[in-house]
Amino acid sequence: MKIIFTKALPFLMLLTLFSCETKKEKPKSKPYKAGVILSFDDAYVDEWYEADQALKKYAWKATFNVCRIDSIGEPQIKKLLEMQKYGHEIAGHGYHHYNAVKFVKQNGIKKYLEQEIDPMIVSLKKKSFKTTTFAYPYGERSNELDRALSPKFKIIRGRAFGGEAPEKQDSYFNNSKIVFAFDIDNSHIHFSIPYLLELLDYAKKHNKILILCGHKPVKEITENYQTKIETLEFICKYMKLNGLKFYKLSDLDDLLPEQP
Numbered sequence: 001m002k003i004i005f006t007k008a009l010p011f012l013m014l015l016t017l018f019s020c021e022t023k024k025e026k027p028k029s030k031p032y033k034a035g036v037i038l039s040f041d042d043a044y045v046d047e048w049y050e051a052d053q054a055l056k057k058y059a060w061k062a063t064f065n066v067c068r069i070d071s072i073g074e075p076q077i078k079k080l081l082e083m084q085k086y087g088h089e090i091a092g093h094g095y096h097h098y099n100a101v102k103f104v105k106q107n108g109i110k111k112y113l114e115q116e117i118d119p120m121i122v123s124l125k126k127k128s129f130k131t132t133t134f135a136y137p138y139g140e141r142s143n144e145l146d147r148a149l150s151p152k153f154k155i156i157r158g159r160a161f162g163g164e165a166p167e168k169q170d171s172y173f174n175n176s177k178i179v180f181a182f183d184i185d186n187s188h189i190h191f192s193i194p195y196l197l198e199l200l201d202y203a204k205k206h207n208k209i210l211i212l213c214g215h216k217p218v219k220e221i222t223e224n225y226q227t228k229i230e231t232l233e234f235i236c237k238y239m240k241l242n243g244l245k246f247y248k249l250s251d252l253d254d255l256l257p258e259q260p
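Under the numbering used here, the letters of the sequence shown match residues 1 to 260, in that order.
Think of the hints as simulated: they come from the structure by calculation, not from any bench.
A hint or two may mislead.
Straight-line distance between alpha carbons at most 20 Å, and here's what the computed PhoX-like set of lysine-lysine pairs gives [said to hold, decoys possible]:
| hint | residue 1 | residue 2 |
| --- | --- | --- |
| 1 | LYS152 | LYS177 |
| 2 | LYS79 | LYS56 |
| 3 | LYS152 | LYS127 |
| 4 | LYS219 | LYS237 |
| 5 | LYS30 | LYS245 |
| 6 | LYS245 | LYS33 |
| 7 | LYS152 | LYS126 |
| 8 | LYS126 | LYS78 |
| 9 | LYS130 | LYS154 |
| 10 | LYS56 | LYS219 |
| 11 | LYS78 | LYS130 |
| 12 | LYS228 | LYS240 |
| 13 | LYS177 | LYS28 |
| 14 | LYS33 | LYS237 |
| 15 | LYS204 | LYS245 |
| 16 | LYS177 | LYS154 |
| 17 | LYS79 | LYS57 |
| 18 | LYS33 | LYS177 |
| 19 | LYS126 | LYS79 |
| 20 | LYS30 | LYS205 |
The structure displayed is predicted, hence computed values, not measured ones.
Can you make the complete structure from the sequences, with help from the hints?
Shown next, in the form of structure tokens:
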């Protein structure tokens with residue numbers, strides 16, 4: 001067999017080599033400062049507003065994931081708009097607050113988008129909320145759901161359900177648009193102030209962004225899905241003393257690695 005060499009062959013070999021090298025390149029992570037995301041789920045607008053008044057002295061910022069937006073009264077909508085103007089984020093948490101995994105299993109992805117996601121996006125926009133992120137109700141998600149929601153939201157938040165050692169926790173920003181939060185409600189089985197302190201210390205020491213979630217801020221615990229104002233004060237004081245930064249879920253979009 002006779003091999004014919006041409007002038008174009010070295011160029012083609014070089015192009016092939018360059019293409020292979022390009023494929024091996026990994027996305028470059030962007031530098032960021034250690035910090036915390038405080039997020040709250042459901043529609044406890046009056047309690048969120050009271051917490052905001054109590055914590056403004058720390059110049060805090062939070063993400064409020066709202067469900068059942070069309071069932072919220074006008075006074076509460078005004079409070080949410082005021083909080084958005086102050087610098088907080090108003091994000092999505094489902095139009096009806098359906099459990100996404102269970103709903104899709106029974107009805108399919110298409111129905112989920114039509115009944116739970118699309119009307120939520122329309123209503124939030126109509127009420128002047130700048131919503132670009134979403135938190136799954138009950139924290140339950142799947143890869144199929146992530147793929148369906150990714151074109152609609154910049155950041156999607158689930159829940160980290162375990163109480164693993166900080167280095168094994170999923171509740172730190174992972175350079176992905178799919179993130180997970182640790183629950184700081186008093187009823188959460190793994191929550192305690194000593195454990196929360198471990199998570200905060202790890203974020204500080206290893207320059208991580210810790211993602212936390214709660215529901216209804218209260219002074220005294222009376223039922224499930226309540227977060228003590230005292231816990232939020234503890235977090236804010238820790239952050240102020242240790243120079244940690246307040247982030248919102250939407251801020252993570254700017255920190256995602258650049259594709260080569």
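Status of each hint after checking the structure:
Restraint check: the Cα-Cα separation between LYS152 and LYS177 comes to about 12 Å, which is no more than 20 Å; the hinted pair holds. Note on LYS79 and LYS56: the hinted pairing holds, with a Cα-Cα distance of about 15 Å set against a maximum of 20 Å. Distance restraint check for LYS152 and LYS127: the Cα-Cα separation of roughly 18 Å lies within the 20 Å cut-off, and the hinted pair is therefore satisfied. Note on LYS219 and LYS237: the hinted pairing holds, with a Cα-Cα distance of about 17 Å set against a maximum of 20 Å.
At most 20 Å may separate the alpha-carbon atoms for a hinted pair to count; LYS30 and LYS245 meet this at roughly 16 Å. Taken as a hint, the LYS245 and LYS33 pair is honoured in the structure, with Cα atoms around 7 Å apart against an allowance of 20 Å. Restraint check for LYS152 and LYS126: satisfied, since their Cα atoms lie roughly 16 Å apart, inside the 20 Å limit. For a cut-off of 20 Å, the pair hint linking LYS126 to LYS78 stands: about 13 Å separates their Cα positions.
Annotation: proposed proximity of LYS130 to LYS154 holds, straight-line Cα distance about 12 Å (limit 20 Å). With a C-alpha separation of about 16 Å, the suggested pairing of LYS56 with LYS219 holds against the 20 Å cut-off. Proposed proximity of LYS78 and LYS130 is supported: the alpha carbons are some 14 Å apart, at most 20 Å. With a C-alpha separation of about 19 Å, the suggested pair LYS228 and LYS240 falls inside the 20 Å cut-off, and the hint holds.
Restraint check for LYS177 and LYS28: satisfied, since their Cα atoms lie roughly 15 Å apart, inside the 20 Å limit. Taking the CA atoms of LYS33 and LYS237, the gap is near 17 Å; set against the 20 Å cutoff, the hint holds. Only pairs whose Cα atoms come within 20 Å are accepted, and LYS204 paired with LYS245 is accepted, the gap being roughly 10 Å. A C-alpha spacing of about 7 Å is found between LYS177 and LYS154, which places the hinted pair at or below 20 Å, so the restraint holds.
For the hint linking LYS79 to LYS57, the alpha-carbon distance of about 18 Å falls within 20 Å, and the restraint holds. Restraint check for LYS33 and LYS177: satisfied, since their Cα atoms lie roughly 18 Å apart, inside the 20 Å limit. Using a Cα cut-off of 20 Å, the hinted pair LYS126 and LYS79 holds, with the two alpha carbons roughly 16 Å apart. Taking the CA atoms of LYS30 and LYS205, the gap is near 18 Å; set against the 20 Å cutoff, the hint holds.
Violated hints: none; the structure is consistent with every hint.
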